[in-house]
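Using the sequences plus the hints, can you model the full thing?
2 protein chains.
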Amino acid sequence: MATGFAWRQALPSLPLLEWGRRYDRETLMGDGVAALIVTIMLIPQSLAYALLAGLPPEVGLYASVAPLLLYAVFGSSRVLAVGPVAVVSLMTAATVGEHAAAGTAAYWQVAITLAFLSGAMLLAMGLLRLGFIANFLSHPVISGFITASGLLIAASQVKTLMGVKAEGHNFVDLLAALARQASNTHWLTLTVGVLATAFLFWVRKGLKPLLMRWGIGPKVADIITKAGPVAAIAITTSLAWGLGWREQGMKIVGAIPQGLPPLTLPTWDAALWRELAVPALLISVVGFVESVSVGQTLAAKRRQRIEPDQELVALGASNLGAAFTGGFPVTGGFARSVVNFDAGAQTPAAGVFTAVGILLATLLLTPALYFLPQATLAATIIVAVLSLVDFGVLKRTWFYSKPDFVAVAATLLATLAVGVETGLLVGVGVSLALHLWRTSRPHIATVGLVAGTEHFRNVLRHPVRVSPALLSLRVDESLYFANARSLEDRVNDAAAAQPALRHVVLQCSAINNIDASALESLETIEHRLRDAGIALHLSEVKGPVMDRLRTTEFLRHLSGQVFLTHFQAVAALTPDVLNGTATATPTTLDREPSHA
Amino acid sequence: MATGFAWRQALPSLPLLEWGRRYDRETLMGDGVAALIVTIMLIPQSLAYALLAGLPPEVGLYASVAPLLLYAVFGSSRVLAVGPVAVVSLMTAATVGEHAAAGTAAYWQVAITLAFLSGAMLLAMGLLRLGFIANFLSHPVISGFITASGLLIAASQVKTLMGVKAEGHNFVDLLAALARQASNTHWLTLTVGVLATAFLFWVRKGLKPLLMRWGIGPKVADIITKAGPVAAIAITTSLAWGLGWREQGMKIVGAIPQGLPPLTLPTWDAALWRELAVPALLISVVGFVESVSVGQTLAAKRRQRIEPDQELVALGASNLGAAFTGGFPVTGGFARSVVNFDAGAQTPAAGVFTAVGILLATLLLTPALYFLPQATLAATIIVAVLSLVDFGVLKRTWFYSKPDFVAVAATLLATLAVGVETGLLVGVGVSLALHLWRTSRPHIATVGLVAGTEHFRNVLRHPVRVSPALLSLRVDESLYFANARSLEDRVNDAAAAQPALRHVVLQCSAINNIDASALESLETIEHRLRDAGIALHLSEVKGPVMDRLRTTEFLRHLSGQVFLTHFQAVAALTPDVLNGTATATPTTLDREPSHA
Chain A
0 MATGFAWRQA
10 LPSLPLLEWG
20 RRYDRETLMG
30 DGVAALIVTI
40 MLIPQSLAYA
50 LLAGLPPEVG
60 LYASVAPLLL
70 YAVFGSSRVL
80 AVGPVAVVSL
90 MTAATVGEHA
100 AAGTAAYWQV
110 AITLAFLSGA
120 MLLAMGLLRL
130 GFIANFLSHP
140 VISGFITASG
150 LLIAASQVKT
160 LMGVKAEGHN
170 FVDLLAALAR
180 QASNTHWLTL
190 TVGVLATAFL
200 FWVRKGLKPL
210 LMRWGIGPKV
220 ADIITKAGPV
230 AAIAITTSLA
240 WGLGWREQGM
250 KIVGAIPQGL
260 PPLTLPTWDA
270 ALWRELAVPA
280 LLISVVGFVE
290 SVSVGQTLAA
300 KRRQRIEPDQ
310 ELVALGASNL
320 GAAFTGGFPV
330 TGGFARSVVN
340 FDAGAQTPAA
350 GVFTAVGILL
360 ATLLLTPALY
370 FLPQATLAAT
380 IIVAVLSLVD
390 FGVLKRTWFY
400 SKPDFVAVAA
410 TLLATLAVGV
420 ETGLLVGVGV
430 SLALHLWRTS
440 RPHIATVGLV
450 AGTEHFRNVL
460 RHPVRVSPAL
470 LSLRVDESLY
480 FANARSLEDR
490 VNDAAAAQPA
500 LRHVVLQCSA
510 INNIDASALE
520 SLETIEHRLR
530 DAGIALHLSE
540 VKGPVMDRLR
550 TTEFLRHLSG
560 QVFLTHFQAV
570 AALTPDVLNG
580 TATATPTTLD
590 REPSHA
Chain B
0 MATGFAWRQA
10 LPSLPLLEWG
20 RRYDRETLMG
30 DGVAALIVTI
40 MLIPQSLAYA
50 LLAGLPPEVG
60 LYASVAPLLL
70 YAVFGSSRVL
80 AVGPVAVVSL
90 MTAATVGEHA
100 AAGTAAYWQV
110 AITLAFLSGA
120 MLLAMGLLRL
130 GFIANFLSHP
140 VISGFITASG
150 LLIAASQVKT
160 LMGVKAEGHN
170 FVDLLAALAR
180 QASNTHWLTL
190 TVGVLATAFL
200 FWVRKGLKPL
210 LMRWGIGPKV
220 ADIITKAGPV
230 AAIAITTSLA
240 WGLGWREQGM
250 KIVGAIPQGL
260 PPLTLPTWDA
270 ALWRELAVPA
280 LLISVVGFVE
290 SVSVGQTLAA
300 KRRQRIEPDQ
310 ELVALGASNL
320 GAAFTGGFPV
330 TGGFARSVVN
340 FDAGAQTPAA
350 GVFTAVGILL
360 ATLLLTPALY
370 FLPQATLAAT
380 IIVAVLSLVD
390 FGVLKRTWFY
400 SKPDFVAVAA
410 TLLATLAVGV
420 ETGLLVGVGV
430 SLALHLWRTS
440 RPHIATVGLV
450 AGTEHFRNVL
460 RHPVRVSPAL
470 LSLRVDESLY
480 FANARSLEDR
490 VNDAAAAQPA
500 LRHVVLQCSA
510 INNIDASALE
520 SLETIEHRLR
530 DAGIALHLSE
540 VKGPVMDRLR
550 TTEFLRHLSG
560 QVFLTHFQAV
570 AALTPDVLNG
580 TATATPTTLD
590 REPSHA
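Protein chains in written order, with numbering that gives the first Met the number 0: chain A, 0 to 595; chain B, 0 to 595.
Worth flagging that the hints you see were computed from the coordinates, not collected in a lab.
C-beta atoms are modelled at their ideal positions from N, C-alpha and C, and glycine is treated no differently.
Check each hint, because a few of them may be wrong.
Computed from the model, here is a short list of chain B residues facing chain A with C-beta under 7 Å [unchecked claim]: (1) Arg128; (2) Phe131; (3) Ser137; (4) Arg304; (5) Asp403; (6) Ser439; (7) Asp475; (8) Glu476; (9) Phe480; (10) His556; (11) Gln560.
Below, the structure is given as structure tokens:
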């Protein structure tokens, strides 16, 4: 990613120095307003995602201070808002839950260690410019994973709506646990939770059109809409306090410690680190992909750019910051970044102001959240994550590309059936295997001359001239180990089937690279053809490929020649084709494999 | 592999029916002579490779009867000779040694089970047409693996030459064990072993030229040379008997049970099967790759062809045959197949005659091998496997392609340092990762018009005309998930750097496929460009790619157009370039990433 620009700067750079110099009053206004709105939005989100991760609610606030400050210093996006996000919180819960019981100090300590490892990995990847690793998460895999995660998260929150306890790292276990607990449902909690969910859905879908009908501008309407969760929290907290819901058995947030985020250290335990290594890597990559795609989308709107390797450094610093201040893994969030952008944030200073806002909330606001029903937080999560669920991708990939469909379906099913970590690994494995399978069967066309031109076309699609003494093959793929043998097979079969064959010409116009395996295959093909009295020729070899071939013995020993154009090859080897005396007689061997 | 020919036959077919019908006296002569020579060669090899695999010597003979008969029925190669081979025997020893102690009945039983699993996997892969799996073993990985295996095998035989016991699954352990045992060396054994080794090396290198100087034809000289091990066995066995070497403490083969191969069954134990699954798969794939490359090379010499999926079926049947007759994993061997071919074998009937020859040997010859020194067998193995060692591949790949060099070196080192199984897995992993890394950074050239022509060339290599309002990008790779984002980056950066930009045209002539991820990236690029007031156009889209794009929303919403040729695009969008009023001003962003 952006490897072409490595010469422009040494890492880590400080984007702060660039925008800091030009800071003025107007920018301050924009940043200040945006920060206020994002702070209001981030408080309930932070509490909710901490609970989703199995942590005390205040940990969500801690994770929304230092990371924002560090991102403002190192980040290359002007408007990205970092902090706890849904999918990463789910992955945190799945990982930490294997090492400690939720609600214990040990659990929090593992989460801190996970943030530390994830931060260290992101930082290392940034400094080593390994951002391309994120490319191995294909869009279908991400879509399948996000959809399945959304369903898992929503299902995990249903227990809070019902006021019961139910655990499970996959969808089936979760649903089974919920079914077992159905008789223990706390009906007041469920009623409040369902109403809060309905209210939030309405705010999301129905409020904005209503406000716009009332003459409010779309941007302002959008921002008011984003404050919906705050309204839900204010209303249900007041009711819980006024109507004594706590005494009726409803679970509330309760006492949140007031004060600055604590200074914490990760656990220095090699055995634990080894076990957390793979989950930390997956969390890092998923967080990075989410963050960079949001950042790029928003930067492009203002013709700005972000530097993926710099983003790795910034997210690494943010997660290290989270680890040392009692937080858990964070990344750039989609919804909050869009709100920040729409509200007029100009520079990362908005992030600094947001961090200050959250810090003030930790210091002053937490007593006010004492009576906040946990079901309300569950409702905000459910509404947020269900917008991530997109089954349409199954339909779209089914019609566009079956291998992509298989990758989506495999990721989705594995995530739901086994869990987030397995789901991601299955998705990456399946998409790589399918890609390799596809390129291992390259499209190889037997081509012939279009009469009266110098063009060659597939003998199966066009009426063309060929000679029984010459075989023209066009390979529509770079040659590498996974497909080199299929070229061998094709040439072998043709040589066996065409007794009059004297020349094979490979038209190399679509070959961008020939690796060492493919070079050996070409040598094998050449030897076998030579044994059978057939010469091998090449035509239209690209410059960089020719440069590499010149360093080898292959060209020196080639039984045939290298022609600049395919027409020159045919004109030199079988001129009768040009004069129309040769006839077009593709053999049965020219039938092509069907390609998905 | 050969997927294009699936319609021609249903599997499993019986090639036997084809060549059996045309069998005549002349074919019989050719097959008979070849079988005699291969039998003479195969007896010492079978004994030696059984010892290498940690099994009693007669097991090597058992593994050379039923598998040959079954290959003759199912195999598509006319001349392939199957049986125990060096690398597969080493892999068998490494695997079985983890489950039982060498020399015990339990050890033999695990080897039988391994042959059964490998046979079942090969058969299943053949019936499911999964032969392409073998493509994932790249030539560099195979070279590195074979070289390292040759060194490991040679080192493992040194203990027999020294007449001591020393175990170790990797090179370092083996050498250390040998060093510890140096003081226990049995000097008579070492002397005989070293002399036998020297004799066999001389036979291999010096005898053929000598025979040819004596006026013997090269083919006959070659066959005499291959009988060298038989001479070494005859001489040392006679000396051991005559000079009473056994009484002096030399290890001899001893009593080999006379009789038909026993009927055996694999162990039906799910836990054992699970543990043997990965090694069995690796043995299957390595055996298949070795066998198919020999088979194809020999078939091509006579313009015959072999069917890889049929070969899987035949090798599967051969290994199942080995499992049910007391054998161990087998495959098509290189040296013996070449001898079979050179000696004039015409049909798989030669294999049947060879099987009969080995069977007679098991019935009659084994008492004659009683005094055969084990050191002689070790010498035949050492000489055979050292010809597999090829460090030249390191040099060749270093100069041709650094990623291939890394793959060779990683495979070689991992095999020597850890063992055969890890070595292969590391090799496959590294070569896949490097391939993906390379294609994840596609060559994307900014192109401009060559004045006076309709051709477009890289702005960095040619004096061309460009316009500040139009960016022409040529992508030299199919677009898929691993490289889609780098196109996004390139376009984003260009849009940010070129304020006058109004049109981006992607020249798609080298794009053979666009997967769902790349399609989403194109949509993202289109949206971002549209937000910045820039239109996205495509040119020279290939037919199959266009067919797929037509099924999507992308083309309907495209802000620009799809042009048949890139020249038409530029002529329509920025005609000033054609008239020479625009100047060639590539920006700094046109600097390309360096490619390995």
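In rising order, the numbers of the hints this structure does not comply with: When the structure is compared with the hints, numbers 1, 10 and 11 turn out to be violated.
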